Amino acid sequence: MRAVVQRAQGASCSVEGKVSGSFEGPGLVVLVGVTPTDTPKEAQTVARKVANLRIFDGPGAYDTDVAGSEKLAEARGKEVSALDLGLPVLVVSQFTLYGDARKGNRPSWVRAAPGETAAPLVEEVCVALESMGMRVERGVFGADMQLSFTNDGPFTILLEF
Numbered sequence: 001m002r003a004v005v006q007r008a009q010g011a012s013c014s015v016e017g018k019v020s021g022s023f024e025g026p027g028l029v030v031l032v033g034v035t036p037t038d039t040p041k042e043a044q045t046v047a048r049k050v051a052n053l054r055i056f057d058g059p060g061a062y063d064t065d066v067a068g069s070e071k072l073a074e075a076r077g078k079e080v081s082a083l084d085l086g087l088p089v090l091v092v093s094q095f096t097l098y099g100d101a102r103k104g105n106r107p108s109w110v111r112a113a114p115g116e117t118a119a120p121l122v123e124e125v126c127v128a129l130e131s132m133g134m135r136v137e138r139g140v141f142g143a144d145m146q147l148s149f150t151n152d153g154p155f156t157i158l159l160e161f
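The letter at position 8 of the sequence shown is residue 8 when you use the UniProt record's numbering, and the numbering goes up by one with no holes.
Hints in this document: simulated from the structure, not taken from any laboratory.
None of these values were measured; they are calculated from a predicted model.
Note that beta-carbon positions come from the ideal geometry of N, C-alpha and C, so glycine has one too.
Errors might be hidden in some of the hints.
[Claimed, not checked] Okay, the calculated beta carbon distance ranges per label pair: (1) 161 <-> 86: 33 to 41 angstroms; (2) 22 <-> 96: 32 to 40 angstroms; (3) 79 <-> 148: 39 to 47 angstroms; (4) 58 <-> 120: 31 to 39 angstroms; (5) 143 <-> 58: 35 to 43 angstroms; (6) 153 <-> 96: 16 to 24 angstroms; (7) 109 <-> 48: 33 to 41 angstroms; (8) 86 <-> 157: 16 to 24 angstroms.
Construct the entire structure; sequences and hints are all you get.
Written as structure tokens, this is what we have:
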């Protein structure tokens, strides 16, 4: 399983002009790709890593109070996670993360899981994040989505499990 984690300032995902998920202010955009051999274990691992990645500045760096005062006091003066700050996550499935263009000019998708395998595992990532108390916005699995966000930094990390 691969996840591209991007620190963002606002994000929106829409399908045919209708917004499926969005947030304003700081948060994470996570693109998730699944292989045929991935299991719920990898989905849980991705969720834990996404939630706990310490890639945000301390609370004083943001214009808005993004978490309760107890969390702010704990986080002051160090890099903190989206979970620490109570920030939202937009999760979008993306089979193209497993595109292989090493030979020729047309990517091969043989390393990407079929929809019936991938969809429940992407949802498992979302449910695991929610079980940690995170607000999770979602793309629409298998749809032609338009994703709009401002990459903050830019700050992008590739996770692979």
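Quiz prompt | Beta-carbon spacing of residue 86 to residue 157 - inside the hinted bounds 16 to 24 angstroms or not | solution = holds, 20 angstroms
Quiz item: Holds or violated: 35 to 43 angstroms for the Cβ distance of residue 143 and residue 58?
Solution: holds, 37 angstroms
Exercise. Hint says 39 to 47 angstroms; check whether the CB-CB distance for residue 79 and residue 148 agrees.
Key: violated, 26 angstroms
Practice problem: Check the following: the C-beta atoms of residue 22 and residue 96 are separated by a distance inside 32 to 40 angstroms. | Solution: violated, 22 angstroms
Quiz prompt | Range hint compliance [Cβ, residue 153 to residue 96, 16 to 24 angstroms] | solution = Holds - the Cβ-Cβ distance for residue 153 and residue 96, about 22 angstroms, lies within 16 to 24 angstroms.
Quiz item: Is it true that residue 58 and residue 120 lie within 31 to 39 angstroms of each other by Cβ?
Solution: At 37 angstroms between Cβs, range holds.
Quiz item: Given a hinted range of 33 to 41 angstroms, is it respected by the beta-carbon distance of residue 109 and residue 48?
Solution: violated, 27 angstroms
Quiz item: Within 33 to 41 angstroms or not, the Cβ separation of residue 161 and residue 86?
Solution: At 25 angstroms between Cβs, range violated.
This entry does not satisfy hints 1, 2, 3, 7, going by the numbered hints stated previously.
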